[in-house]
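Q: Residues per chain, in single letters:
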Amino acid sequence: MSTEAILRAVDVRQVFVQRQGLLRKSEMVAVDGVSFNLAKGSTTALVGESGSGKTTLALILLGLRRPTSGDVLFEGNSLLRLRGRDQLALRRKMQVVFQDPYGSLQPRMTVGEALMEALQVHSIGQGRSERQDRAVEQLRQVGMSPETLKRYPHEFSGGQRQRIAIARSLVVEPSVLILDEPTSALDMSVQSQVLNLLTELQEQRELTYLLITHNLDVVGYMADQVLVMDKGQIVERGSVEAVMDTPQSEATRRLLGSLLSVNPSERRLAASH
Amino acid sequence: MSEETLLSVRDLRTYLDTPEGVVKAVDGVGFDVRAGRTLALVGESGSGKSMTALSIMQLLPEPAARIVEGSVKLDGRDLLDLTAKQMRELRGKRMGMIFQEPMTSLNPTFTVGYQLLEALKCHGGARRSGLGQEAVKLLQEVEIREPEAVLRKYPHELSGGMRQRVMIAIALANRPSLLIADEPTTALDVTIQAQILRLIKRLQGEHNMGVLLITHDLGVVNETADDVAVMYLGQIVEQGPVDAVLSAPAHPYTQALFASRASREHRGRVLPVIPGNVPGPHDWPPACRFHPRCPFRMDVCEKVTPEVSHLPDRTVRCHFVSPLEEEAKLEH
Amino acid sequence: MIGNLVATLLLVALGFAVRNALRTPLWAEAFRRMRRRPLVIGAGVILALFTTIAIADSYSWADGKNQPTKTVLDRVFERPQERTYSPPMAKLTTEASPKPLLATHILGTDGVGNDVFYRTLKGVRTAFLIGGLTTLTVLPIALLLGMLAGYLGRGVDDLIQYVYTVLDSIPGILLLIAMMMILGQGVPQLCIALGVTSWVGLCRLVRGETLKQRDREYVLAARALGLGAPRILMRHILPNLMPIVIISATLGFSRLVLAEAILSYLGVGVPEDVGSWGNMIEAARLELAREPVIWWNLVSASTALFLLVLALNIVGDALRDGIDPRLRSA
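Chains as they are written, first to last, in my numbering: chain Z, 1 to 273; chain Y, 1 to 332; chain U, 1 to 330.
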């Protein structure tokens, strides 16, 4: 893991304006001056309660929403200033995997069509058969067979769909992967499979992960850097040890206080056994 | 605190008719829920835990699902023998239920107050006056500040945590002795989850209720339950007090679930994985349903279905943990 | 000749569409559910019957150089014209050539002596033609405008909503009559008029569904991939709209059939010489006042209309039930 920052958010602000009646307007600040760096090859965890602004921030980083002010720099280039082909090239470098049960897959498109589309848009590979080979290879790397290409997402279990979604994101060879609650919708026994896959892929390809989650166990397992968000701001940042052992902010303490242990001798809630 | 048995389930079997065949979603499940104690039914998708709860409440999707065998006794009366009308009288009065999605369990077109009063009127009898006060008290019990204001609100005006509190208030409106909670905190934010679990625990203590908690989260089990039943593909594979089962799981499946959990302790290491996948509803293995994925599998495991056997501190369904008597004799 | 070719192409296209649909689990499951209900099977049989009649009426050829072209239906069911009314099951007064199967007018004849049964059957093709052509013109317009309004939002959405709200504010039937009076009578004109007045409903539906799909995660992921709006609309959103659109189109078809009948009844529908139930009912209107009452003309046309619309509605509703994910077993 190198120390250069591959992705930088610089004072990003997102303000939503709503009209209340004819004359009044109300402002809601979803993201309030957020800055951070992601080091190449590292895993950064973005934690916070719902409403803290982490989802909005993710959309901004991906270029799916324009911030009110501030900038996002990828390898030094401003994401917001790019258009057309340059923007497309940049999009290729940053991909996303969502948590919804279909894992960002279009339910009426076969897996093959989805993968081929990704390759086609970015003109990767010469011709159909080379693209197909790449798709098959990518599926193999996530542990899925070539037959997967012909099938529809709903024919697979949640864990398999998540793996397919990861394959679709990785087939365009991104450098940064944003993962929105990648294991929350998965069964317990499947979570470890997906996490192992993610760490393995990260080592192989020197991927940078931004992990958005409220699952502090996963954060403890995987994160190199933890960012705690509350009410649109980053209220604490640091290593896993620093943030989880010596929390400085109220928000962090709240999150840690709600952590449930699986060890009977370490119960946190008011035990009345 | 009395620990009488409120709910007694024995050998419950619920089968699902699908175009591809019959799925034995609940296959021989038995447990007790006692007053003042919480039993957690924990399992992954396809384990049958939700189906078990629906069977008890008799809210199964008919005609596809049917209870083919077993008894579900509430206060000694078998619920499966009751008519629909009798069942309706029990629901809400003796048995309260809360579900996973408070947004869809509450009617979006009626105010909170309306729905709460509806619950009170339904079982409460003729006391028309004073119901308003009753409603306010219920909301206070679930720790809602400004209950009068909340009574006038619609579900969509409240946060997820508030809605869940309202649902708990409605479920407890008629002081049931048994509360069935189906994934009550899964859809909630992690900080709210802790608050709701504490609330349920507190209310349980105050009213000496028995709680049947359905969940997929081992952390929830540990922090809220007194007893736990681990389900896999329609059967309970291990059951006993939480302290015993979670500190030293006996069944290979339970052990594997624990071992595969991500945590700080595992940093930098590959997580242990249960080999294979949870089979689809029509691909269940014969005999012991876990045997293809079990590190301790023996020949007998794919031939003979393990029965529930009683150990000093729990029950398990496993040939390895509790070998068949004939096998044990052979070894000697 | 051209007519035959077009008919064949349509049939082949329809065949392909149905075959591909049955391959997808969504429609296969829906069909399986529909097959179980006797009412739906009955409605399906009626629809199949009507479709066969329409097909039979679409293939025509001439026997000789200066002979009129006759369709398959004509050859089987046409009876010689009588001088005036005759009741059902009346025998032919003239010798027909070629000899028809039954030498009777099964449902009698109307005021000018035409065989009522034959005229009723001729109305089927008109109904299908109007319903089909109009739907084919309405569908692209409604889909395009609905998707654009739903996906692009803001100015485009406001504009499109303004257009269809204004259009919708004009009483439908009056607008139809006005258009027909300007355009004149005829099948293509009727299709245009009906098209203009019936795209709004579908457009609204498409817009609503597009709004729903637009914020789904798979659309966000597609945008993150770098896909442009046209591609997202065509390959991601449209396929997820199709079930709703198809159901709406099926039910809309029945409305169109009825509309044609009403307009023809009012005299602004298809011309007199084209077979149409509306025309038959219009002619039958006066007959009811006669003594003895001439009822078979009216009953025949009304029954045919009723059966077709009923069958379409039953099948349309069954399709909707079949597709509803909440009723799915999985």
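What the hints contain is simulated information worked out from the structure, not anything from laboratory work.
Hints are supplied without guarantee of correctness; some may be wrong.
Okay, derived cross-link-like pairs now, DSS-like style, lysine-lysine, Cα gap no bigger than 30 Å in a straight line [said to hold, decoys possible]:
(1) Lys93/Z with Lys212/U
(2) Lys153/Y with Lys73/Y
(3) Lys73/Y with Lys85/Y
(4) Lys153/Y with Lys212/U
(5) Lys65/U with Lys150/Z
(6) Lys137/Y with Lys93/Y
(7) Lys212/U with Lys231/Z
(8) Lys25/Z with Lys212/U
(9) Lys24/Y with Lys121/Y
(10) Lys121/Y with Lys25/Z
(11) Lys201/Y with Lys73/Y
(12) Lys231/Z with Lys73/Y
(13) Lys121/Y with Lys137/Y
(14) Lys137/Y with Lys201/Y
As the structure is a computational prediction, the values presented were derived from the model and not from experiment.
Q: Hint compliance check: list the failing hint numbers for this structure, sorted ascending.
A: 2, 5, 9, 10, 12
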